[in-house]
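Those protein sequence lines, which keep their order, are chains S and E.
As numbered in the working numbering, residues -1 to 476 make up the first sequence, in order.
As numbered in the working numbering, residues 74 to 236 make up the second sequence, in order.
It is worth saying that the hints were derived from the structure and are not from the lab.
It is possible that part of the hints are untrue.
Said to hold, decoys possible - Each computed DSBU-like pair below joins lysine-lysine, with the alpha-carbon atoms no more than 35 Å apart:
#  : chain 1 : residue 1 : chain 2 : residue 2
1  : S       : Lys426    : S       : Lys97
2  : S       : Lys143    : S       : Lys342
3  : S       : Lys153    : E       : Lys152
4  : E       : Lys185    : S       : Lys189
5  : S       : Lys342    : S       : Lys426
6  : S       : Lys143    : E       : Lys159
7  : S       : Lys342    : S       : Lys23
8  : E       : Lys185    : S       : Lys143
9  : S       : Lys435    : S       : Lys351
10 : S       : Lys342    : S       : Lys97
11 : S       : Lys153    : S       : Lys97
12 : S       : Lys153    : E       : Lys159
Stated by the list, open to error - Partner residues are not named here, just some residues of chain E that face chain S (Cβ under 7 Å, in silico):
#  : residue
13 : Gly75
14 : Phe79
15 : Ile135
16 : Glu156
17 : Gln208
18 : Phe209
19 : Ile216
20 : Ile217
21 : Thr220
22 : Gly224
What the hints assert, rightly or not - If you want a taste of the chain E side facing chain S, the calculated C-beta under 10 Å gives, among others:
#  : residue
23 : Leu162
24 : Gly176
25 : Ala184
26 : Lys185
27 : Asp210
28 : Val215
29 : Leu219
30 : Phe223
31 : Val226
32 : Leu228
Since this is a predicted model, take the numbers as computed values, not measurements.
Cβ atoms here follow ideal geometry from the backbone N, Cα and C, with glycine treated the same way.
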Amino acid sequence: MCLALILIPFFSIIILNLPPREVNKRIAFGLVLILTLGQMFLVFFPGCNFWKMNSGVFGSMLKIDLLVDNLTLIMLFCIGLIVLVTLFTSRQFIGPIEKQRNFINLLLVVLIGMNGTVLARDIFSLYVFLEITAVASFILISFDKELLGLEGAFKYLLLSAIATILMLSSIALLLILTGSTGFSEVQAVLKTLNPNNPLLILAVGLFLAALFIKSGLIPFHGWLPDAYSSAPASVSVLLAGIVTKVAGVYALIRIMVSVLGFSPASQAVLLLIGAVSIVLGALLSLTQSDFKRMLAYSSISQVGYIILGLGSGTALGIVGAVFHIFNHCVFKSLLFINSAAIEKQTGIRDMDKLSGLAQKMPVTGLSSLLASLSAAGIPPLAGFWSKLIIIIALWSAGYYTYAVIGILAGILTLAYFLSLQRRVFFGKLTREFINVKEASFSLVFPMVLLSVIIIGVGVFTPVLLDKFILGLGNILGG
Amino acid sequence: MGLDLFILVALICAGIWTVMARSILRSAIGLALTSAILTIIMFRLNSPLAAVFELSVCTGLISVLFVSVISLTQPQTPKEIIEHMKLRLSRFWFLPILVIILGVGIIIANAKLKVVSAQAHIEPDVRFILWHLRQFDLIGQVIILLTGVFGVVILFREAKKGE
C-alpha cells in the first residue's frame, strides 16, 4: 500500500496536465499540500495497514516489495515537511500561474524520486530513483533560465554524471560478486566473502566516492556552493533541506548499514572525510559574504557531522547521524527561507551590505537566530542533542580525536553564525532599509513552523529519545 | 575476438564523434549511433533484455527527445560553429588518449581479475523479469522519461515562446 507514496504523486502529475488546465492550475497547490500533510501524518502510525506490503488497491495490483523501517519513516517525514515548506516558499518566487504549475510538476517528480529512494530495497532501484531526483533537480536549479542558475545546474549535472558512472560500475561489480542487487541478498553473500577481495574493495570504494559526490562532501563538493547559491530561492530550500540529504547522506547510511557493512577501512575513510568536511566547510563559511554561499558551505560542515556519526559504526552513532539529518533538514531549510525573505524584501544577498534588519523583520530575525543556535549546537535546541549523541558515540567507540574535532568545530560554527547575525540582523539600521517590511505569510508561515519544530524537538528530546530516536539504532543488524 | 575489438573501436569512435561533433544535431545522431553499437555489444554478451532496453529507450526515445529539443533551439552561425569547435578541441584534446588508457587498463585488469565473463546468464523469460522482478524500476523509468519531457517543455519551449 505504501507504493501509493509514489503512485499518487505520479497520477497527480498526469491529472494536473489534463484538461481543463485552467482548473488544474488552481488545484495544484492544494493537491501537493494534501499529499505532503498526508505523508507526514501517516509516519506517526507505523503499525497501520498502509505500511504493510501488498495490501490495498496498489498492493494487490503490483507485487512490489518496499523497505519500511524506522529510518525510512523519519526520512519520509523529512521529505513531506521540506516539500511542504518549499511549496509555500515558491508562491513568493515562482511568478505566473503557468510557471507555478510547471514548478509543482517538478516538485512532484522530486517527491516521487525521494520517496522511491527511501522505499527502495534494491541497489539498482535506489539508483533509478536517485536519478529521478537528480534530473528533476537539474531542471529546478535552472528553472529561471538565468546564466548563474544554468551554470550551477551544469556543474551539478557534470559531477552527478561522474557519480552515476561510479555507482553503476559498483552495482555491476556487486552483481558479479553476489549475483543479486537486493539489499539483504547482497549483504548475505558479502558476509561470506573475503574482505580483502580486490573486486569487493573496488566496489565499496566506487560506491562511497559516488555518494560522497552526491552528499557534497569535501573534496567532492565542487558543485554544491554554486548549485545552492544560484538556484531560485525556493529550490535552494528544497536542495539544501532535503535533496542532498536523501540523494547523498541517506543513500550512504542505507548502503553502509543494509548492504556493505562496516569495516575498519571504510570507517576510517568515513571518519576522515567527515572530519575534513566539518573543519574546512566551517572555515570556508567564515570567509563568505554571500548569504546563500555561506549557508552552502555550512551545509558541507553539518553533513560532515552526520558522516562522522555514521563512521563510528555503532548503533548510537547511527542514531545521532539520522537525528542530525532531521535537525539539519529543519534548521538549514529555515536559514534558506530567511535568506530568501531578506533577498525578497531588500534585493540584497551580500551580508556586508545588510545591517539591523531584525528591527524591521522580527520574525525573520528571531527564526534565523534560533536556526543558527540550533546549528551551532546550543542547548536546549534540537541541534545540540544530535551533536551530543554523535560526540558520545565517537567517544564511546574510542575515536577521541574525532570527538574533540567535532566539539572544537562547534566553536567555528558558532563563530560564522554569530557573524551572520551581527552583519545581517543586529547593528544599526541604515536609511536604505527604513522602509523594509516583514516578509509575507507564505514565507513567515514556514519560518514559524520550522522554529516551533526546533524548539519543540529540543525541549522534548528527553521524551522523544526513548519513544522515537533511540529506536533508529535498530536498523543496524536488522 | 577480432569482431568484438572492431565493435569496441567503433563504439569509441562514435562516442568521440558525439562529443566533438560541430553541430548539436550531429551530436544527437552520434549518441544514437553509440547506443546502437552498445546494443550490438549487449546482444553479443547474451544480454538481450539490456539490449532491447538500450535500443528502445536510448537509441529510440532519447534520440527523439534530443532532436525535438534541438528543433526548439537557435542554430549557431557557421563562424560560431568553427570557433566553438576550436575551443572544444583545445579543451578536450586529452579525451581520446584518456579513453585509450582506460580501455587498456580495463583489459589488463580483466585479464587478472576475470571480472567480465564471456557468457552472461540468460533469464528464460524477459516478460517475467520486467513485470515480476523489476516492476519498481519500470515505474522509475517511466518517471525519468516524464521528467525529461518536463525539462524540454520548461527549459526550451518557453524560451522559444519568449523569442
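Status of each hint after checking the structure:
Restraint check for lysine 426/S and lysine 97/S: the C-alpha separation of about 39 Å exceeds 35 Å, so the hint is violated. The straight-line distance between the Cα atoms of lysine 143/S and lysine 342/S is roughly 18 Å, inside the 35 Å bound, and the hint therefore holds. For the hint pairing lysine 153/S with lysine 152/E, the CA-to-CA distance comes to about 27 Å; that is within 35 Å, so the pair holds. Between lysine 185/E and lysine 189/S, the direct Cα distance comes to roughly 24 Å. Compliance with the 35 Å bound is thereby established for this hinted pair.
Taking the CA atoms of lysine 342/S and lysine 426/S, the gap is about 21 Å. The hint holds against a cut of 35 Å. Taken as a hint, the lysine 143/S and lysine 159/E pair is honoured in the structure, with Cα atoms around 27 Å apart against an allowance of 35 Å. For the hint linking lysine 342/S to lysine 23/S, the alpha-carbon distance of about 24 Å falls within 35 Å, and the restraint holds. Of the supplied pair hints, the one linking lysine 185/E and lysine 143/S is violated, its CA atoms being roughly 49 Å apart against a limit of 35 Å.
Taking the CA atoms of lysine 435/S and lysine 351/S, the gap is near 17 Å; set against the 35 Å cutoff, the hint holds. Taking the CA atoms of lysine 342/S and lysine 97/S, the gap is about 18 Å. The hint holds against a cut of 35 Å. A C-alpha spacing of about 24 Å is found between lysine 153/S and lysine 97/S, which places the hinted pair at or below 35 Å, so the restraint holds. A hinted pair counts as satisfied when its Cα atoms are at most 35 Å apart, and lysine 153/S with lysine 159/E qualifies at roughly 22 Å.
Proximity of glycine 75/E to chain S is violated relative to the hint, the smallest CB-CB distance being about 25 Å (cut-off 7 Å). With its C-beta approaching chain S no nearer than about 24 Å, phenylalanine 79/E sits outside the 7 Å limit, and its interface hint is violated. With a cut of 7 Å, the hint placing isoleucine 135/E at the interface with chain S is violated, because the nearest CB-to-CB distance is about 12 Å. Proximity of glutamate 156/E to chain S is violated relative to the hint, the smallest CB-CB distance being about 19 Å (cut-off 7 Å).
Here the hint on glutamine 208/E is kept, as its CB sits about 5 Å from the closest CB of chain S, short of 7 Å. About 5 Å separates the beta-carbon of phenylalanine 209/E from the nearest beta-carbon of chain S, less than 7 Å, and the hint is met. Annotation: interface hint on isoleucine 216/E holds; nearest CB of chain S at approximately 5 Å, less than 7 Å. The closest approach between the C-beta of isoleucine 217/E and any C-beta of chain S is roughly 6 Å, which is under the 7 Å cut-off, so the hint is satisfied.
Because the closest C-beta pair between threonine 220/E and chain S is about 5 Å apart, less than 7 Å, the hint holds. Proximity of glycine 224/E to chain S holds as hinted, the smallest CB-CB distance being about 5 Å (cut-off 7 Å). Interface restraint check: leucine 162/E against chain S, minimum CB-CB distance 19 Å, threshold 10 Å, status violated. For glycine 176/E, the interface hint is violated, the least distance from its beta-carbon to any beta-carbon of chain S being 15 Å, above 10 Å.
The restraint placing alanine 184/E at the interface with chain S is violated, with a minimum CB-CB distance near 14 Å, outside the 10 Å limit. Taking 10 Å as the C-beta cut-off, the interface hint given for lysine 185/E holds, the closest approach to chain S being about 9 Å. Interface hint status for aspartate 210/E: upheld, as the beta-carbon distance to the closest one in chain S is roughly 5 Å, under 10 Å. The closest approach between the C-beta of valine 215/E and any C-beta of chain S is roughly 8 Å, which is under the 10 Å cut-off, so the hint is satisfied.
Hint status for leucine 219/E: holds, given a least beta-carbon distance of 7 Å to chain S, under 10 Å. A cut of 10 Å between beta carbons decides the hint on phenylalanine 223/E: the least distance to chain S is about 6 Å, and the hint holds. Hint status for valine 226/E relative to chain S: holds, with the closest Cβ pair at about 7 Å, below 10 Å. Proximity of leucine 228/E to chain S holds as hinted, the smallest CB-CB distance being about 6 Å (cut-off 10 Å).
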